[in-house]
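The chain contents come next:
2 protein chains.
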Amino acid sequence: MVKAKVWLLVRRPDGMPVPEDFKLVEEDLPPCEDGDIIVEAEFFSVDPYQRYKAREIPLNSPMYGSQVAKVIESKNPSWKVGSYMVCYPGWRSHTLITAKELKEGGIVGYTPLPEMAPLPRSVALGVLGMPGNTAYFGFLELCEPKPGDTVLVNAAAGAVGSAVVQIAKIKGCKVIAAAGTEEKCKWVKELGADYVFNYKTTKVGEEIKKAAPNGINCYFDNVGGDFTLQALPHMVTKGRISLCGSISSYHNDRSKLVANSPYDPAFIISKSLRLEGFMVPNWASRWMEGINQLQEWLVQGKLKYKETIEEGFQNIPKAFIGLFTGNNIGKAIVRA
Amino acid sequence: MVKAKVWLLVRRPDGMPVPEDFKLVEEDLPPCEDGDIIVEAEFFSVDPYQRYKAREIPLNSPMYGSQVAKVIESKNPSWKVGSYMVCYPGWRSHTLITAKELKEGGIVGYTPLPEMAPLPRSVALGVLGMPGNTAYFGFLELCEPKPGDTVLVNAAAGAVGSAVVQIAKIKGCKVIAAAGTEEKCKWVKELGADYVFNYKTTKVGEEIKKAAPNGINCYFDNVGGDFTLQALPHMVTKGRISLCGSISSYHNDRSKLVANSPYDPAFIISKSLRLEGFMVPNWASRWMEGINQLQEWLVQGKLKYKETIEEGFQNIPKAFIGLFTGNNIGKAIVRA
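Line order of the protein sequences matches chains A and B.
My numbering numbers the first residue of the first sequence as 1 and each following residue consecutively.
My numbering numbers the first residue of the second sequence as 1 and each following residue consecutively.
Think of the hints as simulated: they come from the structure by calculation, not from any bench.
Among the hints, a few may not be true.
Given that identical chains are not distinguished, each listed pair holds provided it fits within a single copy or across any two copies.
[Claimed, not checked] Result set (DSS-like, lysine-lysine): computed pairs, CA atoms no more than 30 angstroms apart in a straight line:
| # | residue 1 | residue 2 |
| --- | --- | --- |
| 1 | Lys238 | Lys146 |
| 2 | Lys271 | Lys53 |
| 3 | Lys302 | Lys209 |
| 4 | Lys186 | Lys256 |
| 5 | Lys210 | Lys302 |
| 6 | Lys256 | Lys174 |
The shape of chain A in the complex, shown without the other chains (with noise of 0.2 angstroms):
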């Protein structure tokens, strides 16, 4: 009998995640039979939407999130002993899929991995997973750059943004960048921005004024909040706003609607903004034109990346909070 260990969401959490959000518990697992298998974590993703997931999934359940995971027992022949997929069953170590499961999730939900070497497979839930395609789609699609193009990307050295800043630097584009600790700025400098400001130690206004003096082309925002509040009037005319995400908003209470959103429409009228959100599922269809995009930049050595590696399933809350006080250079994750 295999035993897993799982992180269960016990408690909503109210503003910033806490560890008493979430409990261990052991459990035993189902006999594997026909067409089942079994899977052991080898890595898990951390990231700042499962904030959000932690408002809708039930209580008591285990974590949303995904993993690499080594399929250990397999009475299913399209899944062989040793093999590695990608897939979403939660903060559990261990976990039996049913061939009901492997059939209705499809190639979406249990995604098989090749062989990555010389690559970790961890990268398969970074800069060639959900991360490097965010980047991708909801960069090239949404913002549309052209070369010469001024792009502005906030949270720069997380997993999205710093593929954002690489990938615009490939299309021809000025980049300006922001993150929060000397060390993540010296980064992104790295990977070719061209300018890049600590947003905790600068005003965000003065410093975009300054490196973007005819204003921003396309805006790539992770951040909301202040941040975008300050940026807003530094947009040109018929600029394209990505709107990925808002970690600066996610522990907002949000059982009252309230008017506290930075986007003000006198800007948007007034400049002829498009701003538009995007989930990166959205281009399921087009998943793998994206990561074998990805991939080749990869190789050519034109798309770099870095993670940040939190050690022990025992970890995962640990890391999963740290994201939102912005412990990790690069993507976060957690070996099992």
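The hints should help you fit chain B onto chain A, whose structure is shown.
Okay, now just chain B, sitting in the frame of chain A:
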């Protein structure tokens, strides 16, 4: 010598405009020299956007606005005495337009008006002018309505909103419309809207939920503020929002950046919404396409309009202020 009456902007409106923000003066026009013309206003347009202009134009200059004017003196062979034009000299009864201004302003600044009978010439300031094209391009280009889509329009008894309601019906959409009096609601219903509610006496969110249980595909927003706050949660995934105006916030103090917009990133992201602001001159190069189509619909009886006409040059500020208290049904016009 021709005497002109002129309404000057003498003070920046602080919140709602008041009569004291404007001052009526008289002036003698310079003589009409070679290539010049003198025009006399017949109709003035008052529009919500002029509230913005009152933040920008120099103090003690004529208040900004368009008019239908008749050429009463001409030393320019292109402009015959007795012919009409739409022009933007501001709130002036008589205006000398120099040869240089006529040349530089081009057809956009000084649009010749064809014989319009049986329609009144004032229609060139409404459904066959800027507000008509605002509805035509702003709705069709940004909301991209498809037959069967559910469309939400507010300020639906206004010059722009009433045209959007009818264009949406022509395009095969279901139309949910809001206006601020029973009389306005009755008229909007006559225009063909499927569901009309008085936003002042009902709960906006509940009305939308009742009228559009499957959600809103296209939202044409003239109002912003609390209306939009209540409407946004009812947008469908990949809904399109045309941000035309924000009359509820035109009087806000804009000396500081404040995050008080109703366009919550959480909804925009999670529903993959597209929000686009615009100014109708964006479509200057396609101007007559819109006007000709609107005229065709008007002739076919598919498009109806109303005007609220205030009599007398001295009442322009009153008609303008009335826009913000909902005095007008259809297009607000002042007859000189």
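Results of checking the hints against the structure:
In this assembly of identical chains, the alpha carbons of Lys238 and Lys146 lie at most 30 angstroms apart whether taken from the same copy (13 angstroms) or from different copies (24 angstroms). In this assembly of identical chains, the alpha carbons of Lys271 and Lys53 lie at most 30 angstroms apart only when taken from different copies (14 angstroms versus 34 angstroms within one copy). In the homo-oligomer, the alpha carbons of Lys302 and Lys209 lie at most 30 angstroms apart inside one protomer (28 angstroms), although the nearest pairing across protomers, at 49 angstroms, exceeds that limit. For a Cα distance limit of 30 angstroms, the shortest separation of Lys186 from Lys256 qualifies neither inside one copy, at 40 angstroms, nor across copies, at 32 angstroms.
Taking identical chains as interchangeable, the C-alpha atoms of Lys210 and Lys302 lie at most 30 angstroms apart only when both belong to the same chain, with a minimum of 27 angstroms there against 52 angstroms between chains. Within a single copy, Lys256 and Lys174 get their C-alpha atoms only as close as 40 angstroms, which misses the 30 angstroms cut-off; across copies the closest is 29 angstroms, which meets it.
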